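K.L.:
Protein chains in written order, with the working numbering: chain W, 1 to 324; chain L, 1 to 324; chain B, 1 to 349; chain A, 1 to 349.
Treat the hints as calculated values from the structure; they're not laboratory data.
So the derived list for chain B, only partly shown, Cβ under 8 Å to chain A, looks like this: (1) Thr179; (2) Phe180; (3) Gln220.
Please read these numbers as outputs of a predicted model, since none were measured by experiment. No residue lacks a Cβ here, since even glycine has one placed at the ideal position from N, Cα and C.
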Amino acid sequence: MPEKTYRDALKEGLREEMLRDERVFIMGEDIGRNWGGAFKVTKGLAEEFGDDRVRDTPISENAIVGAALGAAITGMIPVAEIMFGDLITLAMDQVCNQAAKMRYMFGGQTSVPLVMRSVFGGGKNLASHHSQSLEAWFMHTPGLKIAVPSFAYDVKGLIKTAIRDPNPVMFFEHKLVYDRKEEVPDEEYLIPFGKARVHREGDDVTIWGTFLMVHKAIEAADELAKQGISAEVIDPRTLVPLDRKTLIDSVKKTGRLVLVTEETKTGATTAEIAAIVQEEAFDWLDAPIKRVNAPDTPVPFSPPLEQVFIPDKDRIISAVREIV
Amino acid sequence: MPEKTYRDALKEGLREEMLRDERVFIMGEDIGRNWGGAFKVTKGLAEEFGDDRVRDTPISENAIVGAALGAAITGMIPVAEIMFGDLITLAMDQVCNQAAKMRYMFGGQTSVPLVMRSVFGGGKNLASHHSQSLEAWFMHTPGLKIAVPSFAYDVKGLIKTAIRDPNPVMFFEHKLVYDRKEEVPDEEYLIPFGKARVHREGDDVTIWGTFLMVHKAIEAADELAKQGISAEVIDPRTLVPLDRKTLIDSVKKTGRLVLVTEETKTGATTAEIAAIVQEEAFDWLDAPIKRVNAPDTPVPFSPPLEQVFIPDKDRIISAVREIV
Amino acid sequence: MASASKPLSGVTNGGAQKLCVGQVDSIMAVTKKKLVDLYTRTLKVRLFEEKVWDLFGENLVPGTLHLYLGQEAVAAGVTAALKKSDWVQSTHRGHGHVVAKGADMKAALAELLGKRTGSCKGKGGSMHITEFKAGVLGATGVVASGLPIAAGAALSCQMRGTKEVVACFFGDGASNNGTFGESLNMSAIWKLPVIWIVENNFYAMGTPITLTCPSQSIAQRAEAYCIPSCVVDGNNAVEVYEATLEAVKRAREGGGPSLIECQTYRMRGHSRFDPAKYRPKEEVDFWLSKDAVETIQNIALEKKALTKKEAKDIRRKLQKEVDIAADFAVKSEYPEPQEVLDDVFAEVA
Amino acid sequence: MASASKPLSGVTNGGAQKLCVGQVDSIMAVTKKKLVDLYTRTLKVRLFEEKVWDLFGENLVPGTLHLYLGQEAVAAGVTAALKKSDWVQSTHRGHGHVVAKGADMKAALAELLGKRTGSCKGKGGSMHITEFKAGVLGATGVVASGLPIAAGAALSCQMRGTKEVVACFFGDGASNNGTFGESLNMSAIWKLPVIWIVENNFYAMGTPITLTCPSQSIAQRAEAYCIPSCVVDGNNAVEVYEATLEAVKRAREGGGPSLIECQTYRMRGHSRFDPAKYRPKEEVDFWLSKDAVETIQNIALEKKALTKKEAKDIRRKLQKEVDIAADFAVKSEYPEPQEVLDDVFAEVA
Ligand SMILES: Cc1ncc(C[n+]2csc(CCOP(=O)(O)OP(=O)(O)O)c2C)c(N)n1
Ligand SMILES: Cc1ncc(C[n+]2csc(CCOP(=O)(O)OP(=O)(O)O)c2C)c(N)n1
Ligand SMILES: [Mg+2]
Ligand SMILES: [Mg+2]
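For reference, chain W alone in the conformation it holds in the complex:
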């Protein structure tokens, strides 16, 4: 099977869906022919599909999402891009008050086939306004589905599922995985929402994480294996819907859980997962659930600071060792 980068796999998914259904179109800042997206995900698509369907917009985040929403409820299937996840702050009303709630508050009169792509994460020394991980806000917003792909194979299958979903989907990517390669089939495939991917099987501890931290967790598991500790690594792939079963079953097997994301700790998605697991697997837990997150600070610029801000393999290993 050919190896492809996360970036290319994602583009392939977008392209296949645009070929399949002409209602699908993309809009966002600098996604068109001059730039191809800040992370080059849409490079070449404007040339192939035209500037209408790969539409550069003004710097108007709230209107980008709002306009995509208006198009979604009148017969189109928009994929709106917000260049950096930090900038969704400017579109929170349209995302959380309008898109997420529209079907419900209108009593099911409309569905909202809308995908909102954006990118989270640090690691590129882009400082406080271009490095955050804000997925927890959206997990706390009923009416949104949330995809958090970390692998090339997943990103392609999930973007296609997202585009075909009749509900608003927040599709979050991570800056540091665009260049990572994985085997990705050329044939069409879809990945269902709400189905976790188990990257390592293990008996001693479960490690659940998202985005770059899945990769770190795998590295940690490999190293732990050498130390005689068998860790199971679970990547939820979507936060809403959430695959509770795979996680709970794993915890019932291992009795121990370490949660790891790049979010600042307080109120992160890891808090929700910890709360769920202690609710549903209380009697199986042999130790407190450990959370490995960034500290409760804005993301700092300077390399040595950002490096300690972002959790790494060693912090995961330490957390595991504290409870195993």
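Please build the complex by placing chains L, B and A with the ligands on the supplied structure of chain W, with the hints as guidance.
P.N.:
Quick look at chains L, B and A with the ligands alone, frame taken from chain W:
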């Protein structure tokens, strides 16, 4: 001691601080002489302090917060009001990217003595755009302090502390407690941030909650007492800083914890509290921590729907009985 | 440099000023049939809102209420210039838009009462009253949040090549929100088939426009984006209709957006408990004397589009419709508690 | 109705058009001393940015970088019209604003390198480069987010009665964001002492202004709020200075805000890795021929404000300052890891 409503106590606090320090001023939509605030909190203040210091603004939420921020870092002490908490969606960039991060990303060059008041909660059939409880978003935003007063005594002491704090404070109120009365001294007093209030002491279970749910928890505790169950009721009063000690000590005593807020369940502040408690008091927990929240839906309009949406005394009692 | 102009206010500018270039200035062009249509729409909204006010008095309407009373001619004039397949985007003051666009009054009233037979199954209420199949994109509780949605719907019309157009209602207060500029600009650069309808009633809650708007008109803001604009008497359905007709024509032909500022006034307070004491008596009197229903009725009578008897017959018929709708709404059931969980997500096919 | 005008572009409008009414049109009014000041500021920013580019080439600048190269005359002209106690609000392209306003170049360069001696202790970097005590309210990574902050700082100046003014820089792209209208309106209704400085470099990243702005100028948008405005050649520090001076005078005297559109151009790409291939060669050539440093130098020489030798001496002096600053920055220490936790909250007194 005189009894005062939450509304009047809050106004007294604002008034005292405006008298004390002429740098303090208020700005927001319809807070001035024609309306006195959507919930009449600022009624009469424009007449007393003038339209400059009690300043009606255009419907420009992001600029209201941004302008207050600009004033805060140049020698004023603004109290910016966003009429409904649901509308902070429009000001998330100024709140979360600018005000919260400014001190940090400028390396401590400035402090940000800014209070942002708003109101959460349902119960008035105002539907999906005027009833939410979004405090979890801000708890997940490093750099913000968060006050969540539920009682008249607290709201006065806390607003004064908020105004004197050199950091951005989100000061959240609740629609259904404005009319509630409590004894409030006429003399000046301050309530420190990070100090919980224990409303009932008890041995069998700890109930921790915020806003209207504190009142419901007290009712539940009173009823549980008749059933022979002794419940301790803790109101954190501020979410950031959070009084962990009072809570953890209580759980170590009772071994059981029920968390109750009006937020939609997934990713609520209760998730964070559950995660903390299982981390810090794992060995003392005799049962899973229970979360009592609203369901994961937008807030519905129709009275019978809103009534089941908002947690009540009975749901708290059931949750307690499940684990005691 | 350009100098600041005298600010706008409810008294000084009431409907007088016209900025439209090329607007049809005589109502001669309007057919008798259309005058009857305008009369009927205006009156229908009026009777609907009066019924809502009654039901509210009987304590049957939960929550708050932003009545459209006084502004009927705006919704009537705009919707009369649209096809059924065209769209309107509504606001927190949406009853009039929805009814004028042809929504089922039974479902609309039931919605206001929180009944499961309501157009939103009781989930929305006054601030979200919406009937999608009548071409209403939605009423929204967040001021100005409809503008980008309308721009997007217009983009969709353009991309799908349907020749549909979108009329987007919003208030004077809404034009101070960030989405206003973002949406107008988007509509201008992409030449979207959207008509921006400012319902300038000179107040945003209790805040008079003089405190929040430095210019003589809101329409002036359209020029920033090279969008053609005009100011019309929003209590005169014919004026509103004519201006909209021109804008619709432009939009359908690919000429892009227009903005129409309709100067009008709330007959009552902002919301259910507002006595609106902050409005000067002379201003209120001025506007009450320009009643929207009387205005269109007089025009229709004068132009012999209607006889007095016909006017009365129409009123009787509409009143009956409204009464039946109210009866339906009152008798309908509330939703069952478990319905709180329905309709969060659409089923995946 | 008003008709859409020909869209703006980098070639057709380059600095030519002037909309200022009452602008001092001759540089005769500018003193020789001020010409030297303008030359010095412009050159200082240029030399600073060239050093940054060098350091970047040596891989010493982490993260991204939005160079101010090409736009120096804007920061120079604006800050030359301000007092030290006045304020500027910066952007993601902020180095020039900060340096021109008089920030310590050592601390500024150290910040770009992520050193603990940086003005933000290494927490901010290029996008947040700020020196508060030099009167910089902040550089921000969120486009257009500085506008409301500037409005608020101006409100504060007004309320405190200090006669300070605020100059707020932002790009052409920023003027499409919602905060633009919200902030301009606020400044107009409250007559705030703020000067809105649009740095129109005709691109937002790779997007040419022709795709996102329907009008001939950004300045046109100021009229929506009755704010006096003008368009000047942003590569000519004297033009920028004169327009700012007039606006500052108006602001200090309580006359409220002004907007100055400075048409200019980036010498390089948008950010560190952008080769900017999307810009037509003729356009690039046109602008490179209008070099900001050469322009002010020629004016100063021509007006005999400077001799060639003096010009060279100034350059040598500035270069030395910059070199010393770079040396300081390079030799400074990185922060210690535990400093990540510092400065989230200020101590409560
Ligand atoms: C974004 C936002 N801000 C504030 C409010 C509270 N609010 C509801 S209606 C209203 C006034 C709106 O004024 P305008 O746009 O002129 O419409 P009108 O009520 O006059 O029809 C306000 C401030 C809101 N719902 N949404
Ligand atoms: C709100 C927001 N949207 C998008 C971005 C990404 N971005 C950074 S700079 C830029 C272009 C800004 O253009 P302009 O305002 O003209 O300033 P210039 O870069 O030309 O100086 C964009 C889109 C951002 N930082 N903030
Ligand atoms: Mg109004
Ligand atoms: Mg630009």
